[in-house]
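If you read the sequences in order, they're chains A and B. Heads up: the first sequence runs through residues 1 to 342, numbered per the working numbering. Heads up: the second sequence runs through residues 343 to 850, numbered per the working numbering.
Do not take every clue at face value.
As the list claims (entries may be wrong) - Computed spacing ranges between beta-carbons, pair by pair:
#1 A:I25 to B:A435: 29 to 39 Å
#2 B:F357 to A:L169: 43 to 53 Å
#3 A:T193 to B:T483: 32 to 42 Å
#4 B:F542 to A:L185: 52 to 62 Å
#5 A:S249 to B:G414: 16 to 26 Å
#6 A:T193 to B:I455: 46 to 56 Å
#7 A:T193 to B:P566: 36 to 46 Å
#8 B:L713 to A:V114: 48 to 58 Å
#9 A:I25 to B:K501: 55 to 65 Å
#10 B:S834 to A:R191: 32 to 42 Å
#11 B:A843 to A:I125: 43 to 53 Å
#12 B:G414 to A:A22: 43 to 53 Å
#13 A:T193 to B:T478: 41 to 51 Å
#14 A:S29 to B:G415: 30 to 40 Å
Please keep in mind that the hints were generated in silico from the structure rather than gathered at the bench. Cβ atoms here follow ideal geometry from the backbone N, Cα and C, with glycine treated the same way.
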Amino acid sequence: MSALKNHRLFWPVLVLVALLTANAIYRPSFLAVQMRDGHLYGSVIDIVRLSAPLILVALGMTLVIATGGIDLSVGSICAISGAVACFYISQQPDQNSLASVLTALVLGLGLALVLGAWNGVLVAIIGIQPIIATLILMVAGRGLAQLITEGQIITINSSPYKTIGVGHLLTLPFAIFVALAVTVLLAALTRRTALGMIIESVGGNAEASRLAGIRSRRIIFLAYVISAVCAAIAGFMLTANVSSADGNSAGLWIELDAILAVVIGGTSLAGGRFFFSGTILGALIIQTLTTTVYAMDISPQTSLLFKAVVVIAVCLIQAPAFRDKFTRRKPTAVSQKEQVPA
Amino acid sequence: MTHPVLTMTSISKTFPGVRALDGVQFRLFPGEIHALMGENGAGKSTLIKVLTGVYSPDEGAIDLAGTPVSFGGPMQAAAAGVSTVYQEVNLCANLSVAENIFIGREPRRLGSIHWGEMRRRARALLARLDLDIDVTALLGTYSLAVQQMVAIARAIDIKARILILDEPTSSLDAREVEQLFRIMRQLRDTGIAILFVTHFLDQVYSVADRITVLRNGKLVGEYPIAELPQLALVEKMIGKELDVLERLEEQPKRDLAALEASTPFIQADGVGRKGVVAPFSLTIHGGEVVGLAGLLGSGRTEVARLLFGADRADSGRFVVNGAQTPMRNPVAAIGHDIAFCSENRRTEGLVGDLTVRENIILAMQAARGWLRPLPRRRQDELVAKYVEALSIRPSDPEIPVRNLSGGNQQKVLLARWLITEPRLLILDEPTRGIDIGAKAEIQKLVVQLSDGGMAVLFISAELEEVLRLSHKIAVMRDRNLVSQLANDDTVSAEHIMQAIASAGGTGQ
Ligand SMILES: Nc1ncnc2c1ncn2[C@@H]1O[C@H](COP(=O)(O)OP(=O)(O)OP(=O)(O)O)[C@@H](O)[C@H]1O
Ligand SMILES: [Mg+2]
C-alpha cells in the first residue's frame, strides 16, 4: 500500500480518477462510449482528443524544464506554424491535395526549427535567462503570426489537413495517434540514448555537469528545438480542429497549461528528473478539468477560479512537505509513530 | 553526576530500503565534548537530523533538559538552543559572508538591518576563528574550507545549550582545526554540550571527553575517552580489526629520478590566472604522484582547476605528451585523459537527483556523447566493480545519490573518474569525510594506480596523507607555488610546514 502511495504517479492518477468520477456521478452518460459510422464517440474520448495538442506542447516543455529552463514561446510557435501551414494550403489550387498538405507541414516544421534554434541560441549560447529569452518570441511571435495571416483569419477547406485535428484512424481520433507517436519518439530519443540522463544532469547540477565534461550548451539548445517542433505539431492540430488559422488566438495561453501539466506530472521547475508519463497525466487532468467546467455549467466567471483551486490542490498534495505537515502534526508532539494512513 | 542536557531514547529511522537508525540511545551532558563515531553510513548524520527535526523518527523520544521535544525543523531547534553545522555546508553562496552568518537574526536598528553593525560583528566573530577575510564578499567566492569556517562561526554565535558539528573539520588544515578546538574547549567550559562528528581519530583524542559509537544504525556503546584506546575504538566502529593502514605505511618510496626520466605527461609552463594563482610551472610524469601542500586559501584547488580547464589560464602554456595544448575547458582536458575530482562534491561533483549508477557513468557517457549510450550491461559491470572496490553502501546502485551518506557520496564521485581510466587523475581532497577503513582503501588505490603508470595530483589538507603517497611535493603559499621537493627520507611533516609557513606569509 505504502509502496503504491509513494509511486510518483499516485497522486496525479488519483486526481484524474476523482475528476472522472465526479463527472460520471454528475452525468452518468459521461463514461458512455458509442460507435457511430465506425468511429468511437464519447466524452472520455473527446477529452483525450482535445488534450492531444496540450500533451504535445507539454512534452516539449518537459524537456526544457528538465534542463532548468522554461519556454514561454510555445503558444506563439503554435500560432505561427499553424498560420504558415494554413496560408500555404489556402494558396493552393487544390486544397485537398495530400502533397500540398505535406509541403505545408514541412514548411511549418521548418519554421519551428528556426524559431526553436533562435530560443536555443539566446538561452544556451548568449546566456539570456530562459524566461526572458522566450518571452521575446512569445510576444513577437504573435505579431509574426499576424503578419503571415495578414491580420485575417485564414479559412481553409482541406480534408487531409482537417484529419490531423478531427479525423479518425482505427475507430479512434487521429490526433490521439499523433500524440502517441510523438510520445514514443521522444521517449526513444531520450531513454534509448543517453540524452535523457544528460538533460537531467544538466538541469540537476549545471556546474557538476560541466566539470564532468558535458557540453551543456548543445543539450540545452536541442531541448528548445524539440520544444518548438512539438509546439508546431500542436499548432497544426489546433488549426486543423477549426480549419482556420487565427494568429491571435491559436494556442493562446497554452504555455501556461503546459507548464502546469509538467509540474503536476512531477517534474520540478528547478530542473533535473523529468517524467513524460506524469506530464501526459497532467495534460489529461487539465483537459478533464476544462471539460468538467463546461459540462457542469460552471459560469465562465468562476470557471477560471475553479480551475485554479483544483490545480493548487493538486500541487499541494503532491508536495511531500505539505503532506508531511498534515500527517505529522496530528499525533502528539512526542511520538510520531502513528502516521495517518491514507 | 549532573543530568544530561539531552537524552535520545530508542530512536529508529527507516528510509526506503535502509534502516538508518535502529533503537539508538544517545546522551549529552552539559560541559562535555562528545564524539559520535562510526563508519560511513553508520547513521551519525541521520541521528543529528532526527534531533534537529530535519527528519521525524519512526520511533523514540527526545528529551531536552527535562522536557520532551520534537522539533519541526532546524529553525525551531535553533530557537530551543540546539545550534548545528550540518555535514554539507548549506549556506547561500550568493549572499555575503556577513549575511550568511546573521541570516534570520540580523542586528537591527529602528526596524531596519544595521549593516555596519552586522559587518563589524561578522569580522569580530571570524577573528575568533583567526580568519581574516572580506565579510562583504559573496560566500560562493571562497573555498569550501572558508565556507566551512563561516558555517562554524554562525553556529557558535547562536546562543546555544547544544552545539552540533557534523564533520566540521573535513576540509580544514591543522591550523584551523586547532583554532576550532580552542573555541570548542572554551565553549565547553562555559557549560555548553558539544556533539562532534569526525573521521579523524587523533582529533577525537585531542578534544573529546566521551565517545558514542554507532555501527550500521545500531548503538555499539558509550565510553569515556580514557576507557577506549584508539585501536579499540576502530574495532568497535568497524566490528573487526584493521590492518590495511599499517601495511600502507611500509610502502617503499619509489625513486623520483627514475620516474622523471621519461617525458612528462603534463607540463605547465608559467601557467597562471590573474588574481587567482600566480604563474607557476609544474611537471607531472606518468606513474608519479605529486602532492600539493599549502594552507587554507593558498591556491591548491585553483591550480587543480587550471590544469583541468575548469578555469581558464590567462598566461603560460600547457604541454601534454610533448604537444602544446590550450586547456580551454573540461571537455578539452577530458579529451587528454585528465580527470578532476572536485573537493566540493555537492555543488561541483554529484548530481543529487541522479542515481548512484548514473553519477558513476556520467563522465564516461559525456565523453562518448549522448548518441552512443554505454550499454546497460557494461554500466552495471563497471558500477558493480567500483561499488565493491570502494565499498559504497548501500550497494544498490539505483538509489538517488543524494540519499547516500556523505562519505559514500565521496566514493561515488571518485568512482566516476576512476572508470574513465585517466592518464592524469587530479584528486582534490579525495578522502574528505571518508572513514578510516575506506580511506586506507583509497590510498592503496592511488598507489596501485600510479604503479600502473597513472599520473596523480593529490591535494589534501592532511599533510600525513600527502607525505605518505607523493613522490614529489609542491608547496603553495599565498597563491604562489613556492617550492617543489622530492619526497625522500629527508622530508618530514615539519619540513613541509616550514616551507609552507616561511617568509612570514599568513597564507590567507
Ligand atoms: N534521505 C535519505 N533517504 C534515504 N536514505 C538515506 C537518507 N539519508 C540517509 N540515508 C541512509 O541512511 C544511512 C545512514 O546515513 P548517514 O548520513 O546518517 O550516515 P553517516 O554516519 O553520517 O555517514 P558519513 O560518515 O558518510 O557521513 C545510509 O545508509 C544512507 O544511505
Ligand atoms: Mg554524515
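Hints versus structure:
Our hint of 29 to 39 Å for I25 (chain A) and A435 (chain B) is violated, since their Cβ atoms are close to 52 Å apart. The supplied range of 43 to 53 Å is met by F357 (chain B) and L169 (chain A), whose beta-carbon atoms lie about 47 Å from each other. About 37 Å separates the C-beta atoms of T193 (chain A) and T483 (chain B), a value consistent with the hinted range of 32 to 42 Å. Our hint of 52 to 62 Å for F542 (chain B) and L185 (chain A) holds, since their Cβ atoms are close to 54 Å apart.
Under the hint 16 to 26 Å, the C-beta atoms of S249 (chain A) and G414 (chain B), about 48 Å apart, miss the expected range. About 51 Å separates the C-beta atoms of T193 (chain A) and I455 (chain B), a value consistent with the hinted range of 46 to 56 Å. Separated by about 59 Å at the C-beta atoms, T193 (chain A) and P566 (chain B) break the suggested range of 36 to 46 Å. Taking 48 to 58 Å as the suggested C-beta distance range, the pair L713 (chain B) and V114 (chain A) does not conform, at roughly 23 Å.
In this structure the supplied range 55 to 65 Å holds for I25 (chain A) paired with K501 (chain B), their Cβ-Cβ distance being about 58 Å. Distance hint check for S834 (chain B) and R191 (chain A): the Cβ-Cβ separation is about 56 Å, which falls outside the suggested range of 32 to 42 Å. For A843 (chain B) paired with I125 (chain A), a C-beta distance near 47 Å keeps the hint of 43 to 53 Å intact. About 35 Å separates the C-beta atoms of G414 (chain B) and A22 (chain A), a value inconsistent with the hinted range of 43 to 53 Å.
At roughly 47 Å, the beta-carbon separation of T193 (chain A) and T478 (chain B) lies within the given 41 to 51 Å, and the hint holds. Distance hint check: the CB atoms of S29 (chain A) and G415 (chain B) are about 50 Å apart, inconsistent with the given range 30 to 40 Å.
Consistency note: the structure conflicts with the earlier hints numbered 1, 5, 7, 8, 10, 12 and 14.
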